[in-house]
Every structure is written in structure tokens, then in C-alpha cells.
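Sequences listed follow chains C and G, in order. With our numbering applied, the first sequence covers 1 to 175. With our numbering applied, the second sequence covers 1 to 175.
Quick caveat, the hints were computed from the structure, so don't treat them as lab data. From the three backbone atoms N, C-alpha and C, an ideal C-beta is built for every residue, glycine too. Among the hints, erroneous ones may be present.
Said to hold, decoys possible - To list a few chain C residues with every Cβ distance to chain G over 10 Å, as calculated: (1) E74; (2) L132; (3) F137.
Stated by the list, open to error - No farther apart than 27 Å at their CA atoms in a straight line, the calculated lysine-lysine pairs in the DSSO-like style are these: (4) G/K39 x C/K2; (5) C/K15 x G/K99; (6) C/K154 x G/K39; (7) C/K2 x G/K56; (8) C/K51 x C/K92; (9) G/K56 x G/K39; (10) C/K139 x C/K99.
Number of protein chains: 2
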Amino acid sequence: MKYCSNCGSANLAFKIPEGDNLPRYICENCQTIFYQNPKIVTGTLPIWQDKILLCKRAIEPRYGLWTLPAGFMENNESVEQAAIRETSEEAKANVEQVKLYVMISLPNRNQVYMIFLAQLSDLNYAPGIESLDVKLFTKDEIPWDNIAFPVIEKTLNYYFDDVTTDQFPLHVTLL
Amino acid sequence: MKYCSNCGSANLAFKIPEGDNLPRYICENCQTIFYQNPKIVTGTLPIWQDKILLCKRAIEPRYGLWTLPAGFMENNESVEQAAIRETSEEAKANVEQVKLYVMISLPNRNQVYMIFLAQLSDLNYAPGIESLDVKLFTKDEIPWDNIAFPVIEKTLNYYFDDVTTDQFPLHVTLL
Numbered sequence: 001m002k003y004c005s006n007c008g009s010a011n012l013a014f015k016i017p018e019g020d021n022l023p024r025y026i027c028e029n030c031q032t033i034f035y036q037n038p039k040i041v042t043g044t045l046p047i048w049q050d051k052i053l054l055c056k057r058a059i060e061p062r063y064g065l066w067t068l069p070a071g072f073m074e075n076n077e078s079v080e081q082a083a084i085r086e087t088s089e090e091a092k093a094n095v096e097q098v099k100l101y102v103m104i105s106l107p108n109r110n111q112v113y114m115i116f117l118a119q120l121s122d123l124n125y126a127p128g129i130e131s132l133d134v135k136l137f138t139k140d141e142i143p144w145d146n147i148a149f150p151v152i153e154k155t156l157n158y159y160f161d162d163v164t165t166d167q168f169p170l171h172v173t174l175l
Numbered sequence: 001m002k003y004c005s006n007c008g009s010a011n012l013a014f015k016i017p018e019g020d021n022l023p024r025y026i027c028e029n030c031q032t033i034f035y036q037n038p039k040i041v042t043g044t045l046p047i048w049q050d051k052i053l054l055c056k057r058a059i060e061p062r063y064g065l066w067t068l069p070a071g072f073m074e075n076n077e078s079v080e081q082a083a084i085r086e087t088s089e090e091a092k093a094n095v096e097q098v099k100l101y102v103m104i105s106l107p108n109r110n111q112v113y114m115i116f117l118a119q120l121s122d123l124n125y126a127p128g129i130e131s132l133d134v135k136l137f138t139k140d141e142i143p144w145d146n147i148a149f150p151v152i153e154k155t156l157n158y159y160f161d162d163v164t165t166d167q168f169p170l171h172v173t174l175l
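Construct the entire structure; sequences and hints are all you get.
Below, the structure is given as C-alpha cells:
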């Protein structure tokens, strides 16, 4: 942040506002305080029998690596709606029985990942604009060495561990 | 947003970037795209025997009304750490056995509320700088007509309904 988005002044300070306890960007000209907060990344873990659906990324970062259909939650939607939307956009897949499964905070990236378990409604899936490929994998078929993000690998590990007990409790943690 | 925070130009457009499907603020001078996303509000529902702890707000909005200790999640922390921090800041209370209890999206306010159930560790609580008062209430003592936000009233209703069955599942919904 180099200029005030309210008045255009370059006279920005990074300091603790009165009554606050964290430094913020403050415009010394118009006194506007700018808050920066974590973003929510949400999506689904789509299930079909003993397989799960992964997307091969067509965008950076991690172009060409595999991930779950997920992305940034937008304004004017619920977390669950965002997860279903991302699944539709990235994998052109329809899901049902959508249930929150992991909430993983990434304090170093200022993100909170929320992945929902979901059943594929049918086999009509296909790569969206941000995917090179979309494919169903059994546990053994998953390209474990080519997963795009540690948080996705962690989610997949939770899932296949939970499959062994057929219990799928909410997992809340941080990475 | 009236000026680009990257280059200071007033030449901002609000339009759909190439390859995107939602309008964003875009600087026509330096081409920076500005994304706006929902914020997480998190806190706890602190429990002591058959009572819960509420805070009387010392700030707007809803000055003088009662709420749970909660506030905006900051960068560089986990959701659970943020909930515990807010409980400490607003009610000077220590909590333990912290467990995610409700996730309520507020699409019209671009917020996601995440409230954790928590046990008070002791009775050393007191108003923080943003609270006029902090007090334990039984269900019947709660000032139901003076609760600050509908999302808090909904959370309290979930809790006292769940008390009757002694089951406290995660509630995911929107308001």
C-alpha cells in the first residue's frame, strides 16, 4: 500500500491507531485506517465410491500440480455456496451432501482453508478454465508427489485415515 | 475506493477482469486488480456451570447492548487463537476446551461468524476496553431484548437448545 485509496495521498503511516494494539496503514492526510484481514479459501473434497476428484492446476502458483477444487470466497455468498461454486467452476462438477470437514488456518499466509466433504451427484465433470484436467483417483492412484499445496495433502490424509474408521469428524487445526 | 493504492491514480474502473466473472476495482493506469473478500468474525461462548458470559458493548455499533466476546480475525493468527484473543481482550477471561460450534455466513454483510464453545478456566473476568460490563447469565437471566446482533441471538438459541440434549454438534448456516 503506497497511496491512500480514499484521498490519493502518499502520506501513509504504518502505526498503531489510538485504542488499537496492532499497526495499520493510516492516511496522515484524511485519517482513514486500513485494516488487512485473512481470506477464506474454500472448496470441496468430491467423493465417488472409493474415489475422489482432483483438478490439475492450469494457473500459477503450482501450475500442473493436483489440488481439490477450491478458491477464494467472494462477497455476497455463504462459505458453503462458495465451496459449491468453486467445485462447479474448477471441475464443472455437481455435488450434494455437502458437510464442513476441515478448517485449517494458515497464519503465515493469512488464509483460512475450509474444505467440505461432498458426494458427486453424477459423473459429468470436466476441466474448468483454471484446470488442465479433472480426474477421479483411488487412494493408491493419487499423485502424492504432485499435490499442489501442503494443506491439500493434509486434507487428503485426514480423509483416507477417516475412511478406515468410517467416521468423518470436523478437523480444526493450523499449518 | 477512489484512488489506486499502488500508483495513486484516480483512473479506477469497476469491471470484470479478463478471465474472471465478477467485477473488481481495476486501476486503468497500472492495471492492478483489487479484490474484496469477506472477513472472519470470531469469538467464544464462555460457559461456567449453567451460565454463559456476555459483554456489554462500549463501542458502536450497538453501544450498550450485550454480545459474546468476538471480533475480527487478524493476520498472522489461527481462527482459534483469534477467538481466544478476543475473549481475553473484551472480557479479560481465560478459557479452555475450545471447540468450534457455529459457522454462520452473513452474505449481506460480507462476514463469516465462527464461535467456539469454551469453558471458563476461572472467575477472573472483567470488562476490556471495548466492554462496559461483563457478566454471567443463566438462560432466564439473559437480556434477550438487548442482544447486539441477530447472529449472537441465533448462537445463544442453538446453545440453550443443545443444552437440553447435552449434544453440541457444529452448526453451519447463513443469516
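Right, here's what the structure says about each hint:
Not every CB of chain G is more than 10 Å from the CB of C/E74 (nearest about 6 Å), against its label as outside the interface. The non-interface label for C/L132 is consistent with chain G: the shortest C-beta to C-beta separation is roughly 15 Å, beyond 10 Å. The Cβ of C/F137 lies farther than 10 Å from every Cβ of chain G, with a closest approach of about 27 Å, so its non-interface assignment holds. Distance hint between G/K39 and C/K2 is fulfilled; the C-alpha atoms sit about 23 Å from each other, no more than 27 Å.
A threshold of 27 Å between alpha carbons decides the hint, and for C/K15 with G/K99 the separation of about 34 Å lies outside it, so the pair is violated. Only pairs whose Cα atoms come within 27 Å are accepted, and C/K154 paired with G/K39 is accepted, the gap being roughly 24 Å. Only pairs whose Cα atoms come within 27 Å are accepted, and C/K2 paired with G/K56 is rejected, the gap being roughly 38 Å. A distance of roughly 17 Å separates the Cα atoms of C/K51 and C/K92; the hinted pair therefore holds under the 27 Å criterion.
Restraint check: the Cα-Cα separation between G/K56 and G/K39 comes to about 23 Å, which is no more than 27 Å; the hinted pair holds. As the CA atoms of C/K139 and C/K99 are separated by approximately 21 Å, the hinted pair is consistent with the 27 Å bound.
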